[in-house]
Amino acid sequence: MGLIKIDKLTIGYKKRKNGERKVISHLNLDMKSGELICLVGPNGSGKSTLLKTITGLLPPLDGEVFLSGRNIRSISSLERAKLVSMVLTNPVQAGQLTVYDVCSLGRYPHTDWMGSLAQEDHDMITASLDAIGIRHFAHRYLHELSDGERQKVMIARALAQNSKLIILDEPTAFLDMPYRIEIMHILKNLAMNEDRGILLSTHDLDLAMRTADRLWVVNHDGSFHDGAPEDLVLNGIISQVFAIGEISYDAERGHFHMPVHPKGSARITGENGKFRFWTERAMERIGYISQENEPAEIHVHIAPTESCITWIIKTPGTVKKFSNLTDGIHWIQTLKLVV
Amino acid sequence: MKYPISMILSGHFNMRITGIMIFLLLSLIILFFLELVLGSVAIPYPEIVRILTGQGSSHDSWIMIIYNFRLPKAMVGLCAGACLAIAGLFMQTLFRNPLAGPDVLGLSAGAGLGVAIVVLSAGTAGASSILGNLGFFGSVGIAIAASFGSGLVLLMILAVSKRVQNSMTLLILGLMFGYTANSFISILMHFALAERIQAYTIWSFGSFGGATWDQIQVLVLFAVLGLIYSISLIKHLNVLLLGDQYAESMGLDLIRTRNKIFIITAVLSGVVTAFCGPIGFIGISVPHLCRALFATANHCILIPACILLGACLALTADIIASVPGYSITLPLNAITSLIGAPVVIWIIFSKSRNGMEVSV
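As you go down the protein sequences, you meet chains W and A in turn.
Under this note's numbering, the first sequence has 183 at position 169, and the numbering climbs by one with no breaks.
Under this note's numbering, the second sequence has 708 at position 53, and the numbering climbs by one with no breaks.
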């Protein structure tokens, strides 16, 4: 039995006067436990609407959503909260709550009318803190933490809610790079080790493609694509959905291509590996496409010496040695201005 | 490293919290007795104990003063402080706004309008005594008018609440209801007679005195029922601390819970406003004091704490307002703010020095 089964679902908003604004129509999707799925698409394509509909916060316009085999239209909000938990984009601002307090709130659908915590609840909270690796700051107050730490707390809270499915709406949008990667890593581990299903929307396509088992791609026009990230690149969906103006997706290298005005070609020889890779990147950045053969406008030779690397840059007429790329690039740029 | 749960879980009943609770309870008992002892007529302390224990007293007038003036006043102050503090706590949590208080929904403005209509426009004029002028109404009439006014505002808010998903919108709507009610009051005052305006102004100063035992029974009944009912809201209030959306995602029925909170707030603050007039400041300041004092946002602790501290603050304000030893009294409303504001300012400054800011 799948965690999510979506049957001919149409999502959108009801308007005041009997009208409907359909965002995506006739969706058929499914998700199994242990899967990590990233929902990607341009702004305003309906990612949040879809997530809200799946969590039952927004009623579907048409069609059905089944969570663990149960139709969300026919279950109470408390039963639903036992099947799916949610993490939102904005970090929570709350005073005088410890990390442990926040996690204990995740037990809301399981506790009695007073909300008192039994031993079982405490065990669940501690296990959740351990799974995210934040037990060591369980006693700290939420307002003392950084945004990234706070988002980890919210994920631990979702775990304490003990639902098979966890939905996250752009959980890393406000975080810097290392935290983004760490959170994705945590989520990946949760899906694999705890057999949970994790569905998250993100704008970080690169990270999503490296982590997700499947991508759900929504486009502006309401079209929807489902598949392994690699398939979606190979059949051109990614470049089609994400191309804006001059920015295009480079399917050969797997990243977005920034338009650079080409100035000429560069031939790079010498040392291989990381030095060659970053030298190529630097030349590309200032508009010199690397090529293997002569004749090229610029020839860069990466020469290893005993203790360091030197770049020997040859242009027609001049040769100069550099101990770093900063000076080398600067030299090429000023040189061209003169010519 | 393993921390004991009592340390991690803020608001878990530990030694510190129990200690502060006991301290507050003792302070409340002392303040309650001070309220009986202090007043313009000096009654010796042993006499008060004898009167309270039903052994009578050498002066009949003393028995009268205690039973008909000081004891009712102390009871009303106790209930009013507790109710207003709880109402303020609920509003701050629901709107997650540290500036919210019992009056943000426009309830006390509604009550004020009800009273203004009765006091300012009833009958035309000429009589010497203001109270006599109100005729059959009197203080009971004022209480009924106030309940009516705040009840009407509550009904409007509940009607709107069904259609509004965002609680912040309701906060703004409540404030707008309040402004509208206040502008009607201004218009009424513009056309009213001077002595009626004075009567209204006296009501708006707020006072714990003047209630009869029948009225006190009503007040105590509503207060006790409301406070007991609020225990059932603890769990929902706690989860609302993370915001409406998180609360809903964890299974909270937002609109139903919100309406429950509105009704309980309306009952608690409405009944107090009806009997005592608009008492400012206690509702907004006590929850902050309690959060700072107990270092928790857990309503399981905050509710009893607000009841105790609210009652203490109300009684202290009333004792100061009655200016012990002199035969004058000051407007209660002025005193609650006068002693409350410096305390809150001090809390804000001392907290922000520790890197903590006042929040809900």
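Honestly, the hints are just simulated from the structure, not real lab data.
Among the hints, a few may not be true.
[To be verified] List of simulated lysine-lysine pairs, DSBU-like, C-alpha gap at most 30 Å:
1. W:K96 x A:K915
2. A:K915 x W:K28
3. W:K96 x W:K202
[Unchecked claim] Between beta-carbon pairs, the in silico distance windows are:
4. A:T673 x W:S90: 52 to 62 Å
5. W:S130 x A:L754: 27 to 37 Å
6. A:Y884 x W:K29: 50 to 60 Å
7. A:V819 x W:H150: 17 to 27 Å
8. A:V819 x W:I89: 21 to 31 Å
9. W:I261 x A:R671: 37 to 47 Å
10. W:S130 x A:R671: 17 to 27 Å
11. W:G16 x A:S682: 56 to 66 Å
12. A:V815 x W:I89: 54 to 64 Å
13. W:G241 x A:V819: 12 to 22 Å
[Said to hold, decoys possible] Residues of chain W clear of chain A, computed beta-carbon distances all greater than 12 Å:
14. H40
15. S99
16. V106
17. D115
18. D161
19. A172
20. D235
21. Y263
22. S321
Bear in mind the structure is a predicted one, so any value in this text is a computation, not a measurement.
For glycine and all other residues, C-beta sits at the position ideal for the given N, C-alpha and C.
Okay, the hints, checked on the actual structure:
{"no.": "1", "hint": "W:K96 x A:K915", "verdict": "holds, 24 Å"}
{"no.": "2", "hint": "A:K915 x W:K28", "verdict": "holds, 27 Å"}
{"no.": "3", "hint": "W:K96 x W:K202", "verdict": "holds, 21 Å"}
{"no.": "4", "hint": "A:T673 x W:S90: 52 to 62 Å", "verdict": "violated, 37 Å"}
{"no.": "5", "hint": "W:S130 x A:L754: 27 to 37 Å", "verdict": "holds, 32 Å"}
{"no.": "6", "hint": "A:Y884 x W:K29: 50 to 60 Å", "verdict": "violated, 38 Å"}
{"no.": "7", "hint": "A:V819 x W:H150: 17 to 27 Å", "verdict": "violated, 42 Å"}
{"no.": "8", "hint": "A:V819 x W:I89: 21 to 31 Å", "verdict": "holds, 25 Å"}
{"no.": "9", "hint": "W:I261 x A:R671: 37 to 47 Å", "verdict": "violated, 58 Å"}
{"no.": "10", "hint": "W:S130 x A:R671: 17 to 27 Å", "verdict": "holds, 20 Å"}
{"no.": "11", "hint": "W:G16 x A:S682: 56 to 66 Å", "verdict": "holds, 60 Å"}
{"no.": "12", "hint": "A:V815 x W:I89: 54 to 64 Å", "verdict": "violated, 28 Å"}
{"no.": "13", "hint": "W:G241 x A:V819: 12 to 22 Å", "verdict": "violated, 40 Å"}
{"no.": "14", "hint": "H40", "verdict": "holds, 26 Å"}
{"no.": "15", "hint": "S99", "verdict": "violated, 7 Å"}
{"no.": "16", "hint": "V106", "verdict": "violated, 5 Å"}
{"no.": "17", "hint": "D115", "verdict": "violated, 5 Å"}
{"no.": "18", "hint": "D161", "verdict": "holds, 15 Å"}
{"no.": "19", "hint": "A172", "verdict": "violated, 9 Å"}
{"no.": "20", "hint": "D235", "verdict": "holds, 28 Å"}
{"no.": "21", "hint": "Y263", "verdict": "holds, 33 Å"}
{"no.": "22", "hint": "S321", "verdict": "holds, 44 Å"}
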